[in-house]
Amino acid sequence: MKNNSEKNQRKRNDIILAAVILIIAVAGFLFLNATKKNGSYVVVKIDGVEKYSYSITENITKEIITGENGEYTNTLVIKDGKASVLTANCPDGICVGHREISFVGETIVCLPHKVVIEVKKEASNQNLDAVV
Amino acid sequence: MNERTKRIAFLGITTSVALILAYIEAILPPIWTAVPGIKVGLPNLIIVLVLYRFGFKYAAIVSGIRLIIVSMLFGNVMTLAYSVVGAVLSLLLMSILKKTDRFSTIGVSIAGAVAHNLGQIIVAIFLFETVQIGYYMVVLAVTGTIAGVFIGIGSNFLLKRTDSIKI
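Protein sequence lines correspond, in order, to chains Z and G. For what it's worth, numbering that gives the first Met the number 0 labels the leading residue of the first sequence as 0, then goes sequentially. For what it's worth, numbering that gives the first Met the number 0 labels the leading residue of the second sequence as 0, then goes sequentially.
The hints are simulated quantities; they were obtained by calculation from the structure and are not laboratory data. All values reported here derive from a predicted model rather than from experimental measurement. Don't take each hint at face value.
[Said to hold, decoys possible] Examples of chain G residues toward chain Z, derived with CB under 10 Å:
#, residue
1, M77
2, A80
3, D100
4, S103
5, G106
6, Y134
7, V137
8, V138
9, L139
10, V141
11, G147
12, V148
13, G151
[To be verified] Example chain G residues on the side facing chain Z (calculated, C-beta under 8 Å, incomplete):
#, residue
14, G63
15, R101
16, I105
17, V113
18, G133
19, M136
Ideal Cβ positions, reconstructed from N, Cα and C, are used throughout, including at glycine.
All chains should be built: construct the whole structure from the sequences, respecting the hints.
Pasting the structure below:
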């Protein structure tokens with residue numbers, strides 16, 4: 000009998016552990032949702048360096064060219080206050096499959112091309128190649 | 000057969016199976032492209048098995064060899080960084096929970112799966128500074144828990160089936 004009650008005790012602990020993880024996850028989700036804000040700028044970072052910055056209110060289509068010989072492309076589209084990647088020639092296509100982003104801190108990452116597209120609250124003061 | 004030979008043979012087999020499981024997982028299509036990193040973590044079946052059968056040291060050896068070979072075969076330096084941090088956290092937490100003797104293999108593997116995801120998220124935070132990673136962790140905590148349940152059930156089954164192997 001002792002063995003059996005130990006088993007039940009373990010089962011109960013397993014459930015508590017899973018419940019705690021899920022509660023933390025839900026709490027984290029609610030916290031992130033409660034603190035999210037609409038962004039006003041879309042920033043493009045290539046290999047960690049900020050290269051382009053656009054207002055999220057404009058409608059643009061921009062080819063982001065990277066790679067040593069300019070062989071990598073990601074097409075950034077900003078439309079109706081949302082940014083997304085329309086096409087890309089990276090092998091995984093995760094950036095293209097990513098949903099549109101519009102809240103501060105949201106990003107679309109193209110790992111193979113080292114491109115990060117991020118929504119920001121304010122334009123940074125760094126010297127950019129192109130400020131539109 | 001002496002014990003040492005038996006052990007080497009068993010570890011060889013388990014490491015190979017872990018590699019095959021990693022390969023199967025690598026060729027499966029991604030479960031949800033919006034959140035890269037959702038996986039069942041099939042090789043963890045073997046890690047849990049070895050952890051329970053032979054203890055932490057051998058689980059670490061199998062896990063380490065698997066990581067090196069998998070990243071040479073199907074990955075790159077980047078995937079190695081992600082998986083090393085994930086695997087180390089995962090194995091440490093699993094072995095701590097196992098030591099407390101208060102959780103079944105299911106609880107242990109849930110912790111392992113979520114810790115693995117947490118490790119990857121920590122690497123991602125260093126690579127990209129963005130709050131969105133927080134959302135990833137939320138999703139991964141849920142999918143990791145589900146994956147952990149399945150791996151725990153599977154490992155239990157494997158442990159029972161390999162009960163005759165005494166080392």
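List in ascending order the numbers of the hints, as given earlier, that are violated by the structure.
2 and 14
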